[in-house]
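*Asks:* Going down the list, the sequences are from chains A and B. Residue numbers for the first sequence follow the working numbering, beginning at 1 and rising by one. Residue numbers for the second sequence follow the working numbering, beginning at 263 and rising by one.
A portion of the hints provided could be inaccurate.
[Unchecked claim] In silico negatives: residues of chain A with every beta carbon more than 10 Å from chain B:
{"no.": "1", "residue": "PRO41"}
{"no.": "2", "residue": "SER43"}
{"no.": "3", "residue": "GLN61"}
{"no.": "4", "residue": "THR83"}
{"no.": "5", "residue": "LEU87"}
{"no.": "6", "residue": "GLY165"}
{"no.": "7", "residue": "GLY193"}
[Said to hold, decoys possible] Chain B regions said to be covered by chain A (calculated; three or more residues, Cβ under 8 Å):
{"no.": "8", "region": "358–364"}
{"no.": "9", "region": "396–406"}
{"no.": "10", "region": "426–432"}
{"no.": "11", "region": "549–562"}
Honestly, the hints are just simulated from the structure, not real lab data. Glycine included, every Cβ here is placed at the ideal spot set by N, Cα and C.
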Amino acid sequence: MRAAALRSARVVGLNLMVIALAWLVWQAMAQAAGSSFFPGPASVVDAYREILAEGDVQGYQLWSHIWASLVRVLVGFAAAAVTGVALGMVLGLKPAVYDATKSILEPVRFIPPIAWIPLAIVLLSGFTRYAFIIWIGAFFPILVATMAGIHRVSPLLVEVSKSFGARRPFIILRVVTPGALPEIVAGMRIGLGVGWMCIVAAEMIGGENVGLGRLMMNYADLLRVDMVIVGMITIGVIGYITNEILILVEQRLFAWRRAIKV
Amino acid sequence: MNRRGFLLGCGAMGATGLVLGHPRRAALAQGKTTIRLGDIIAADVVYVAPVLAAEKGFFAEEGLEVKRGVYANGPAVTQHMASGEVEVGMAATFVLLTAKAQGVDLTLVMSLCKDNAPLAVRKDIKTFKDLNGKRVGTPGLGTVHDINLNYVEKTHGITVKHVYGKITDLLTYFEKGEIDGLVGWEPIVGEAVYRLDAHYLAKSMRPGSESQALAVSSKLARENPDVVYRLVRAYLKGIRYFEQHFDDTVNIVARRLQKPPDMIRLAYGQVTVTKPYIERASTQEAIEIAIEQKKVRKEAVGDPAAFVEKAIDESFLRKAEASLK
Chain A
1 MRAAALRSAR
11 VVGLNLMVIA
21 LAWLVWQAMA
31 QAAGSSFFPG
41 PASVVDAYRE
51 ILAEGDVQGY
61 QLWSHIWASL
71 VRVLVGFAAA
81 AVTGVALGMV
91 LGLKPAVYDA
101 TKSILEPVRF
111 IPPIAWIPLA
121 IVLLSGFTRY
131 AFIIWIGAFF
141 PILVATMAGI
151 HRVSPLLVEV
161 SKSFGARRPF
171 IILRVVTPGA
181 LPEIVAGMRI
191 GLGVGWMCIV
201 AAEMIGGENV
211 GLGRLMMNYA
221 DLLRVDMVIV
231 GMITIGVIGY
241 ITNEILILVE
251 QRLFAWRRAI
261 KV
Chain B
263 MNRRGFLLGC
273 GAMGATGLVL
283 GHPRRAALAQ
293 GKTTIRLGDI
303 IAADVVYVAP
313 VLAAEKGFFA
323 EEGLEVKRGV
333 YANGPAVTQH
343 MASGEVEVGM
353 AATFVLLTAK
363 AQGVDLTLVM
373 SLCKDNAPLA
383 VRKDIKTFKD
393 LNGKRVGTPG
403 LGTVHDINLN
413 YVEKTHGITV
423 KHVYGKITDL
433 LTYFEKGEID
443 GLVGWEPIVG
453 EAVYRLDAHY
463 LAKSMRPGSE
473 SQALAVSSKL
483 ARENPDVVYR
493 LVRAYLKGIR
503 YFEQHFDDTV
513 NIVARRLQKP
523 PDMIRLAYGQ
533 VTVTKPYIER
543 ASTQEAIEIA
553 IEQKKVRKEA
563 VGDPAAFVEK
573 AIDESFLRKA
583 EASLK
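Could you put the whole structure together from the sequences, leaning on the hints where they help?
*Replies:* Right, here's the structure in full:
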């Protein structure tokens, strides 16, 4: 117990040192650049203070932007998780279905989510437009991870279950799914990251006035780079927090699977 | 030809290709000066002077080769001027001045367009009061069109919801009913009237006001004043061509934008592109509104009148005008 606490303290300490180092490097680079378009960390802290105290140039609070983006990401991601896992299971368990559909699935997988934006503008409106872009960004990493996870389940486990008289639904639910879950969660972590990349790009396109992407675009229009960096850091921190939550879930669910140390 | 001769020939051709393949080197080989120009998407109506200068060979006459980069809006042009990617930019006068206030080293050398502040809305919106509480599309928070909408809100005592988007997407939002009206540059707003059953609630939200300008990096103006002079001359020739050949101009712009000539004619009813001197009072007023709206920091501007005057250098324009008389 004490060893775990010491390890946590060491991790926190090391990360604080890295943050301090990054701060110093950033400050030095900003001073060397000597440009108002490359503000140092102190200017960005001032910008944070400004937006937290007064809101943005339209009067929206930073929290409104965070909330708008977060809801869009979570809804799009949840839809991607449900559909990606379900379809991944089907395709993983039925290779014949994958073989019959891969001429559509694989090319579509390589279309960047941002390339769907013009179509989304024409075909969808408001919230659904953003949710769709995030869904399409997060869907394929989850789908591929689910299929890969299923393929990695040991055939021996399935055979043993069968020899004990287990039926197909039982094997899928109790043997295959738990075996594939680590890969599925890894796919979800990748999908969540892609979802954040997509929301920023989609919000920059416009149509709604709140959202971290829109906040950054508005201030980019005004050449307020300090505020643009505020948006960037906020997205990074929220992405980090949501990723940590997924890791916690993963650790709880798969306590049996420890990281390998050599 | 022996093998060695063949290889030498290939090498010489390759080297020539490398030298001439690069646009700047190719221009130098022809004795031309290459200029990288920041332009705005679908703005050929308001930026007709450089369109005609390119189409009719006025840039070439002045020994210039203009490489045009097209951006989403004026602020995007100034961002690329800040990075040094383009040394000449066309954008709203107010946007160029905002960039100057933020530290972009640029000088405004001539006006390209006045008015250009139309507001088109759904047919059932008949007065400014009807517009209260409605959603109006604008091409960006940092654009002059957004400032003009702020001006309308202020002068008519109304509040509208500004919906930001790429100008060409605003038409889609309007067609789908996501917005009730739009502001922007012509001919996009004209297209809403021509094709989407909108009507002009105001042909100009600030009649006679300054709209678009040509800016050069101050370094270019200092180190290569002759290039700036020749550039302004080519633009002036474009304006003269417009005045003398309106129908041909309409056809050229219509062809470039792939729009019906009637729509382009309609658009030219809302803009003034033949007055190259920058109108100071409305420019100063736009800066003052921007300060009020916290879009520009007052401390970065100081006295608006002095700031505007300091940012403009029309000596190239006066010299070019005199040379063309």
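*Asks:* State for each hint whether it applies.
*Replies:* Going down the list of hints, with the structure as the test:
no., hint, verdict
1, PRO41, "holds (19 Å)"
2, SER43, "holds (13 Å)"
3, GLN61, "holds (15 Å)"
4, THR83, "holds (26 Å)"
5, LEU87, "holds (30 Å)"
6, GLY165, "holds (58 Å)"
7, GLY193, "holds (26 Å)"
8, 358–364, "holds (count 3)"
9, 396–406, "holds (count 4)"
10, 426–432, "holds (count 4)"
11, 549–562, "holds (count 4)"
The structure meets every hint from the earlier list without exception.
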